[in-house]
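J.: Sequence:
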Amino acid sequence: MNFRFQNLLGAPYRGGNVLVADNSLLLSPVGNRISVTDLTKSQTQTLPCEASSNISRIAVSPDGVFLVAVDDSSRALFINLHRHVVLHRISFKPPVSALRFSPDGSLLAVAVAGKLLQIWQSPAFRREFFPFHLLRTFPDFDAPITTIDWSPDSNYILAGSKDLTARLFCLNRSKSSGVKPFLFLGHGDSVVGAFLCPEKKRPDRVCRVYTLSREGAIFSWSFNGREPNLHEERRRLGNSEGHMSDPPSPGTPEQRPSLNPDENVESGNESNKRKDFDGIRDGLNEEECDELPLHRGKWEMLRKDFFTQAPAKLTACDYHRDLDMVVVGFSNGVFGLYQMPDFVCIHLLSISREKITTAVFNKMGNWLTFGCAKLGQLLVWEWRSESYILKQQGHYFDVNCIAYSPDSQLLATGADDNKVKVWTVSSGFCFVTFSEHTNAVTALHFLPGNNCLLSASLDGTVRAWDMFRYRNFRTFTTPTSRQFVSLASDQSGEVICAGTLDSFEIFVWSMKNGRLLDVLSGHEGPVHGLMFSPTTAILASSSWDKTVRLWDVFEGKGAVETFPHTRDVLTVVYRPDGKQLACSTLDGQIHFWDPIDGLLMYTIEGRRDIAGGRLMTDRRSAAKSSSGKYFTTLCYSADGSYILAGGSSKYICMYDVADQVLLRRFQITHNLSLDGVLDFLNSKKMTDAGPLDLIADEDSDVEEGIDKQTRGKLGYDLPGSRPNNGRPVVRTKCLSIAPTGRCWAAATTEGVLMYSMDESFVFDPTDLDIDVTPEAIDKALAEEHPQRALLLSLRLNEDSLIKKCIISRTLRIWNLFFDGVRSFVKLMVNLFRKIPEVFCQL
0 MNFRFQNLLG APYRGGNVLV ADNSLLLSPV GNRISVTDLT KSQTQTLPCE ASSNISRIAV
60 SPDGVFLVAV DDSSRALFIN LHRHVVLHRI SFKPPVSALR FSPDGSLLAV AVAGKLLQIW
120 QSPAFRREFF PFHLLRTFPD FDAPITTIDW SPDSNYILAG SKDLTARLFC LNRSKSSGVK
180 PFLFLGHGDS VVGAFLCPEK KRPDRVCRVY TLSREGAIFS WSFNGREPNL HEERRRLGNS
240 EGHMSDPPSP GTPEQRPSLN PDENVESGNE SNKRKDFDGI RDGLNEEECD ELPLHRGKWE
300 MLRKDFFTQA PAKLTACDYH RDLDMVVVGF SNGVFGLYQM PDFVCIHLLS ISREKITTAV
360 FNKMGNWLTF GCAKLGQLLV WEWRSESYIL KQQGHYFDVN CIAYSPDSQL LATGADDNKV
420 KVWTVSSGFC FVTFSEHTNA VTALHFLPGN NCLLSASLDG TVRAWDMFRY RNFRTFTTPT
480 SRQFVSLASD QSGEVICAGT LDSFEIFVWS MKNGRLLDVL SGHEGPVHGL MFSPTTAILA
540 SSSWDKTVRL WDVFEGKGAV ETFPHTRDVL TVVYRPDGKQ LACSTLDGQI HFWDPIDGLL
600 MYTIEGRRDI AGGRLMTDRR SAAKSSSGKY FTTLCYSADG SYILAGGSSK YICMYDVADQ
660 VLLRRFQITH NLSLDGVLDF LNSKKMTDAG PLDLIADEDS DVEEGIDKQT RGKLGYDLPG
720 SRPNNGRPVV RTKCLSIAPT GRCWAAATTE GVLMYSMDES FVFDPTDLDI DVTPEAIDKA
780 LAEEHPQRAL LLSLRLNEDS LIKKCIISRT LRIWNLFFDG VRSFVKLMVN LFRKIPEVFC
840 QL
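Under numbering that gives the first Met the number 0, the first residue of the sequence shown is numbered 0, with each subsequent residue one higher.
In case anyone wonders, no lab produced these hints; they're calculated from the structure.
Keep in mind that a hint or two might mislead.
Computed Cβ-Cβ distance ranges for the label pairs, DEER-style [unchecked claim]: (1) 599 - 661: 30 to 36 Å; (2) 431 - 346: 56 to 62 Å; (3) 678 - 598: 34 to 40 Å; (4) 599 - 738: 27 to 33 Å.
As the structure is a computational prediction, the values presented were derived from the model and not from experiment.
Beta carbons: idealized from backbone N, C-alpha and C, even for Gly.
With the hints as constraints, model all of the structure from the sequences given.
T.: What follows is the structure, given as structure tokens:
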């Protein structure tokens, strides 16, 4: 029963910024979790830690060890990427629009409350009571901050804003006290990107600045700070007593200001004073120019360039310092790669028709990562060879059905976006997508042999997919158009059955020739559950007409048995041995039937177990609102000892079949961005017009950076399963256990959750025989044979026995050491005792 969260499939990218750590680890937010994709090994993994709501911004330290993830509620998680654990938590309280680590990793710049730029001290591996320390706050902006960039030496920070400006700040208090930041002006729209470019000969010194605006313009700025700083020194020298001196005329180079204008200048010491000032000027030119504050120097605009993609807007950009290249993405799905500072276009391509929400370089600069939140698309492109490194796209709408392959290596998913995707369980990658269906996919089923996949859809077709050639080789249809919502096949794979939503019938086809063999009638409601017996040729079906029927498909006798219920039956499953039948009803109960004798064996009352979570529109407490809770999907374990049940709740329940007791409850998510997660609602958000979150603000300025994912609604959804506001409700639509029994998957609102056994508790022995037992290990330890005991414990592969042998071996070594020390001390004591006797004899 030691199942733990392993991975999240079906939704690689939903919005927010994307980062590349260690040149090959792609980090992307997936709801309230972080997905880590290894581009070199072609594996993806989702971190087990969860945020309180959808993650909007992430930042990774330069060494790739720490990750900061900020959600929509401004709560941040400080995560160790290597250990996959949360080290610290902090709430920034105001909304966070941008954040970034300094190049040395000691500082963290956070844009909060739209107009404030905060500099925090980044936590380290040492233990601290307050790991985060706020060092400075810059309140100079007039609109929300959109981008942040650091200088290579971590002394300066450049921030762009929606107020059409970019500002350059100095973190050194001695240099920045009483001085306003330098403003880069001239843009006609919001600044999307602002980047500091260092010199090639001196990477620690900044020489240029690039600013990119939403209108599609890029401005290049050059730093030239010698003349303003020389004038500052002249004014300082001429104002040593508090008086202002006029700057020298450019046409009179011989004019020199005196060190003290109030005293009488004599001709004898004038030359000495001129030499002193010349020495100060020469020292400034050689030494002080390198330490000249960038925000106090002179910046000149070198050139203005435009991307000419109107009316499209620039939505994402990134800059690579070593290659001096800029990548940009637009709202029409076009991206461009440009060589700076000459603004030479290297590539200009289109990847979709939707807005590109993120575009980043990797550390080496050979890979470009693009994300489209509206399509759930994430791809990595190598611009030199013009080839794809990664191209993943999750389901646009909710996943309705899942199915494991017979060897447990593949997982198929079907969703409301009319697509069928097949994933590799070990890597978490989707390697094929079937898009021939024209309506939502409602059921999936693998045939024996692992080479054929069946899918049923609301478009009135059942399609068979070849898993070798990845093509649709057979399509099963009906004389008149029907909507299929359930699917099953016999053990040989020769007979295919599908239940309908509208005509309440079950259609039977031949797999060989695709001919319609029979139509089973008798149900008076949608047939949502369909399954063949694992041992016999009996077909079980469940319907909303409050019945479960058994059919003899091969003999053509029609309905063999009917099991009546008091409420609508939502699903039906067979136990792997075929001797038990389980079905769930609308009142939250699970009924277990004996299909051979036709008797009701027992019933599990699961409404209280699945109860939990309140919708924003609920007027009752969580304890009293369990009437709408029920199980819509059931799944037996591989040995039939326990059963998994999920439905309109945030919980998945695991029951022991023999004792009818609840073994464990899995909470599928803690994401407060979904409805139905909280058990207690905040009364402060309740107004006379209804919940505050449901009141639409027509005058609000919608942020275009992150698109809120909309969800589809099927026509057969149960009443009350989704509120009118369209906010996703947490629920489980389908459950599937792998034939090996080692893992199981759940199709939920957030995607496909994968759970697997904790390997530390798995008994995996090697090279066993009848003599390898725990008693033999204890006997070897008692006889002081620690090496033999350790070998036996390694064969059993039990942690407790291995630790016991190691500790025993360590204690034996220490005992030998102390025995040697004791013998040495005794020898020395005897020696000192004999010394007086020797002297007396002498």
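J.: Need the list of violated hint numbers for this structure, in ascending order.
T.: Violated: hints 1 and 2.
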